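Engineer: Residue numbers (numbering that gives the first Met the number 0), protein chains in the order written: chain A, 0 to 280; chain B, 0 to 280; chain C, 0 to 280; chain D, 0 to 280.
Everything labelled a hint here was simulated from the structure, so no lab data went into it.
None of these values were measured; they are calculated from a predicted model.
Wrong hints could be hidden among the right ones.
Treat identical chains as interchangeable: a pair holds within one or across any two.
Straight-line C-alpha distance at most 20 Å; calculated SDA-like pairs for lysine to any residue [said to hold, decoys possible]:
id: 1; residue 1: 253; residue 2: 265
id: 2; residue 1: 238; residue 2: 74
id: 3; residue 1: 253; residue 2: 225
id: 4; residue 1: 253; residue 2: 40
id: 5; residue 1: 253; residue 2: 266
Residues per chain are reported as follows:
Protein chains: 4
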Amino acid sequence: MEREGAFVEESELLKYGNAGGFARDLACAQAGDLALLVGPDRRWQILRLEPGQTAQTHRGVLAHDDLIGRPWGSTVLSHMGQPFLLLRPSLHDLILRLRRTTQIVYPKEAGYILLKMNIGPGCRVVEAGTGSGALTAVLAHAVRPNGRVYSYEIRPEMQHLARRNLERLGLADVVEFKERDIAQGFDETGVDAVFLDLPNPWDYLEQAYAALVNGGYLGSLLPTANQVTRLLAALESPKWGLVEVEEILLRPYKAVSARFRPEDRMVAHTGFLIFARALVE
Amino acid sequence: MEREGAFVEESELLKYGNAGGFARDLACAQAGDLALLVGPDRRWQILRLEPGQTAQTHRGVLAHDDLIGRPWGSTVLSHMGQPFLLLRPSLHDLILRLRRTTQIVYPKEAGYILLKMNIGPGCRVVEAGTGSGALTAVLAHAVRPNGRVYSYEIRPEMQHLARRNLERLGLADVVEFKERDIAQGFDETGVDAVFLDLPNPWDYLEQAYAALVNGGYLGSLLPTANQVTRLLAALESPKWGLVEVEEILLRPYKAVSARFRPEDRMVAHTGFLIFARALVE
Amino acid sequence: MEREGAFVEESELLKYGNAGGFARDLACAQAGDLALLVGPDRRWQILRLEPGQTAQTHRGVLAHDDLIGRPWGSTVLSHMGQPFLLLRPSLHDLILRLRRTTQIVYPKEAGYILLKMNIGPGCRVVEAGTGSGALTAVLAHAVRPNGRVYSYEIRPEMQHLARRNLERLGLADVVEFKERDIAQGFDETGVDAVFLDLPNPWDYLEQAYAALVNGGYLGSLLPTANQVTRLLAALESPKWGLVEVEEILLRPYKAVSARFRPEDRMVAHTGFLIFARALVE
Amino acid sequence: MEREGAFVEESELLKYGNAGGFARDLACAQAGDLALLVGPDRRWQILRLEPGQTAQTHRGVLAHDDLIGRPWGSTVLSHMGQPFLLLRPSLHDLILRLRRTTQIVYPKEAGYILLKMNIGPGCRVVEAGTGSGALTAVLAHAVRPNGRVYSYEIRPEMQHLARRNLERLGLADVVEFKERDIAQGFDETGVDAVFLDLPNPWDYLEQAYAALVNGGYLGSLLPTANQVTRLLAALESPKWGLVEVEEILLRPYKAVSARFRPEDRMVAHTGFLIFARALVE
Numbered sequence: 000m001e002r003e004g005a006f007v008e009e010s011e012l013l014k015y016g017n018a019g020g021f022a023r024d025l026a027c028a029q030a031g032d033l034a035l036l037v038g039p040d041r042r043w044q045i046l047r048l049e050p051g052q053t054a055q056t057h058r059g060v061l062a063h064d065d066l067i068g069r070p071w072g073s074t075v076l077s078h079m080g081q082p083f084l085l086l087r088p089s090l091h092d093l094i095l096r097l098r099r100t101t102q103i104v105y106p107k108e109a110g111y112i113l114l115k116m117n118i119g120p121g122c123r124v125v126e127a128g129t130g131s132g133a134l135t136a137v138l139a140h141a142v143r144p145n146g147r148v149y150s151y152e153i154r155p156e157m158q159h160l161a162r163r164n165l166e167r168l169g170l171a172d173v174v175e176f177k178e179r180d181i182a183q184g185f186d187e188t189g190v191d192a193v194f195l196d197l198p199n200p201w202d203y204l205e206q207a208y209a210a211l212v213n214g215g216y217l218g219s220l221l222p223t224a225n226q227v228t229r230l231l232a233a234l235e236s237p238k239w240g241l242v243e244v245e246e247i248l249l250r251p252y253k254a255v256s257a258r259f260r261p262e263d264r265m266v267a268h269t270g271f272l273i274f275a276r277a278l279v280e
Numbered sequence: 000m001e002r003e004g005a006f007v008e009e010s011e012l013l014k015y016g017n018a019g020g021f022a023r024d025l026a027c028a029q030a031g032d033l034a035l036l037v038g039p040d041r042r043w044q045i046l047r048l049e050p051g052q053t054a055q056t057h058r059g060v061l062a063h064d065d066l067i068g069r070p071w072g073s074t075v076l077s078h079m080g081q082p083f084l085l086l087r088p089s090l091h092d093l094i095l096r097l098r099r100t101t102q103i104v105y106p107k108e109a110g111y112i113l114l115k116m117n118i119g120p121g122c123r124v125v126e127a128g129t130g131s132g133a134l135t136a137v138l139a140h141a142v143r144p145n146g147r148v149y150s151y152e153i154r155p156e157m158q159h160l161a162r163r164n165l166e167r168l169g170l171a172d173v174v175e176f177k178e179r180d181i182a183q184g185f186d187e188t189g190v191d192a193v194f195l196d197l198p199n200p201w202d203y204l205e206q207a208y209a210a211l212v213n214g215g216y217l218g219s220l221l222p223t224a225n226q227v228t229r230l231l232a233a234l235e236s237p238k239w240g241l242v243e244v245e246e247i248l249l250r251p252y253k254a255v256s257a258r259f260r261p262e263d264r265m266v267a268h269t270g271f272l273i274f275a276r277a278l279v280e
Numbered sequence: 000m001e002r003e004g005a006f007v008e009e010s011e012l013l014k015y016g017n018a019g020g021f022a023r024d025l026a027c028a029q030a031g032d033l034a035l036l037v038g039p040d041r042r043w044q045i046l047r048l049e050p051g052q053t054a055q056t057h058r059g060v061l062a063h064d065d066l067i068g069r070p071w072g073s074t075v076l077s078h079m080g081q082p083f084l085l086l087r088p089s090l091h092d093l094i095l096r097l098r099r100t101t102q103i104v105y106p107k108e109a110g111y112i113l114l115k116m117n118i119g120p121g122c123r124v125v126e127a128g129t130g131s132g133a134l135t136a137v138l139a140h141a142v143r144p145n146g147r148v149y150s151y152e153i154r155p156e157m158q159h160l161a162r163r164n165l166e167r168l169g170l171a172d173v174v175e176f177k178e179r180d181i182a183q184g185f186d187e188t189g190v191d192a193v194f195l196d197l198p199n200p201w202d203y204l205e206q207a208y209a210a211l212v213n214g215g216y217l218g219s220l221l222p223t224a225n226q227v228t229r230l231l232a233a234l235e236s237p238k239w240g241l242v243e244v245e246e247i248l249l250r251p252y253k254a255v256s257a258r259f260r261p262e263d264r265m266v267a268h269t270g271f272l273i274f275a276r277a278l279v280e
Numbered sequence: 000m001e002r003e004g005a006f007v008e009e010s011e012l013l014k015y016g017n018a019g020g021f022a023r024d025l026a027c028a029q030a031g032d033l034a035l036l037v038g039p040d041r042r043w044q045i046l047r048l049e050p051g052q053t054a055q056t057h058r059g060v061l062a063h064d065d066l067i068g069r070p071w072g073s074t075v076l077s078h079m080g081q082p083f084l085l086l087r088p089s090l091h092d093l094i095l096r097l098r099r100t101t102q103i104v105y106p107k108e109a110g111y112i113l114l115k116m117n118i119g120p121g122c123r124v125v126e127a128g129t130g131s132g133a134l135t136a137v138l139a140h141a142v143r144p145n146g147r148v149y150s151y152e153i154r155p156e157m158q159h160l161a162r163r164n165l166e167r168l169g170l171a172d173v174v175e176f177k178e179r180d181i182a183q184g185f186d187e188t189g190v191d192a193v194f195l196d197l198p199n200p201w202d203y204l205e206q207a208y209a210a211l212v213n214g215g216y217l218g219s220l221l222p223t224a225n226q227v228t229r230l231l232a233a234l235e236s237p238k239w240g241l242v243e244v245e246e247i248l249l250r251p252y253k254a255v256s257a258r259f260r261p262e263d264r265m266v267a268h269t270g271f272l273i274f275a276r277a278l279v280e
């Protein structure tokens, strides 16, 4: 089995069955792996393990050579004696730390988008614009191995950044990047879903409709109510149906048994999610 | 490509390329397909299209024979002249209408669970208990084609229901159902994630730990604060780290351009999500 | 001391000091009092106690004569043996059960409006329109005994209803009802606060400005985002400053010690609160 | 009429009626007044105007002598030419800037507490502990002129701070401060409401019950779910009824007409509100 990405290689590493009881083999961090380092204050970073390198943290330095070969889930001490957890990063973690120059679609929205737009293995999905590639990564992860993401972006430097992010995540193989003004339309037809992640989606509804299979899913994420009302007006057409607007709020709690309570502050808004389905007129 | 489920077969149906411009072929509903029927008041039902059958609605009767052969996304009139949308159901829709005898994990939580626990194509996931199979379906959909869901349930009639639900959704092939008291432990080791969807997860942490790969993901969904504090106490152990508690709130809006506003009422609580990672002691 | 309202008469009834320890006299329900009856299923009603009358409930009948003379806080049995709590209603309870033909300002918003607009004893406040009088009642309660509420309403039948509601609550003495189209302006000047509880407040900003003391408070409650953006546009003027938009959400919990959790459903929206202050140009 | 507080003196200042039309007299800032200064970045401070003094801000210096005599609602320039709004502070503003050493009850909760516990002019209310006096101030403001707040606190330095805060706000005349361990009980009986603003209210329910009129209101504000379940257990007694737990969330919006949207971040938790009523056993 070929490695498909940085975050699904556990199976490769488990070469032996367990003898019995609750014992188990220990998968270990290897040179070239992406690693998540979490300090005692819960501050975390993601790094690619490379022999000879060092990781700088607010609680001391760690040598990559001390991390390579360690079982995932181990605690490692910095040169200041501070304990750090060594873990594989999830796609969730990786997205939050993408190199980016734009606002990104957050995991709380991304997971819901997948389910709401029925995106899974084998799906063909159009996305515009690519941005820093956060949603691209979630879509690519979900449609593998035999699906396809077509990601359009008009700004070359942005697409370049996204492409490198996807390569770093091992997800570039199911993505076709297209540097294009989507006013000219999409190349694809009959796609399962189109996600418009740009500030003026109402300008591209014809193009999205042309790309979608009949009954297919349209989605968008917009920060302001003004944009939403404008998109809703454009969707009041016989071409579109089942229009929905929703917001996802994530409320974090202090995970302390003796003092369980919501966190003092939270992210209060990332955007309004708009969904619709392409009808046959 | 073999048909894997009711909701990814669009590609099969698109037999011809598009001639050009914004024209397109129309995929049509066929006998045996699952269909979503949405009435003028947004009330909806899911049915399997069978020649000779009829669908009863509050706004009149529709003959399946009038639906079979129609393009998805069409509007069909009931015998009372009321317009109904004919659409493919999404996994999201299907889950909300599963035959069930238990509380289910809702899409707003399910999508987030996937991202947070890094569940995607190729993953091996343990779930207990199976319940009505809603989360089982989301997990199965996400790990296809080469992943695996091991779903444990102690109540035979429940597992029977879930098995039928998964078969109906075309997702049973990646699921292994096990009728078992998980106090005895799980058969699997080195799995990527364990989700404990039962009222007393603190009783099964040892078993979950034994099943997980080192660094693997534990998740649970609990309705009351009392349960959360009890689980948090049990997770205060060197075996577990990065413990988090979160809540997902979905706020629906009235999707009307001229009067955009939140809906009057919303679901205020389904449960608290708890996540942790298995450490090496 | 004259009785000023149904809900502040406790002091009248406490005629004797306590002898000592934790003993106390018991204030009793009297003919003419407003009473709150709460059944075993938490369903409640408000009634005025009148000798010879009966209260019909889903759990049986209670004779007013069995309630009159009972201490507040007593449990009384219906003819079916079901226990009912006999309590004085709060202004909060009374507002929720006002006779009404309009949407009302809810207590969660009303309490915040008082603090945000600095409304307390002695204040002079203009309100338009009166509606069913729910906010009028809260304002009147707060400005007593020497403040004043000027409540404008163009629909005579509405003002008639509100007037009767306020009389029933014993709060009419600090309210001046005016049946008027406020396009003509308000009679008052130098008032501390103006609350515009009508669908098009942007049409009356000049009138509100003229009525307010310099630096005074403007408030409004609007259900849709479209209305809010329109009001915000009108407030982008040197006459107004410190413009704020806020929303108050009330999340109810199941008050059960062993199963503490949020309620399943909640009111998700009543309206957006908009506040501003009148500046000197 | 005697001045009762810093924030209801508008009526004093309006010595002349308006000549007609929309003209009006301008109430002016005077030496000794509390003033709210709001800078161009919305940062604000509260100060007492004193001849010869200066106000330091991040955008330059303002001389109090330039503020005294100006109409409220005026724009004043700092020595750097930056515009500042000169306004009377509301009780809401004053509370948020109280000198404090403790967590305070926020206006979003305080306003709701007033309505829920039926606290208005003429009420007698017991509070423990006093803390920095924020809730004391709201209660005092609401019960004036003929009500009474009895505020208990065991820490002398805390009560000293609260007393000075209340004096500064001109509200001390309706408050009786008592330095006392409330385990010994309250001096008052037959009070309308008792608010327990301390971490272990379950230890003082007997004392609260003894102080309350029959049917009276108990309230508390607790940060953690653990405290709430403990208080709920103690309230499961025939002495208490209509127990409710609620949470108030304040969602702020960007007040910009062309880009109306919720703020990015918000306060996610201050505490759970618990209410109950004293029954007759």
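Engineer: Against the structure, test the hints numbered earlier, and report the numbers of the ones violated in rising order.
Structural biologist: Per hint list: zero violations.
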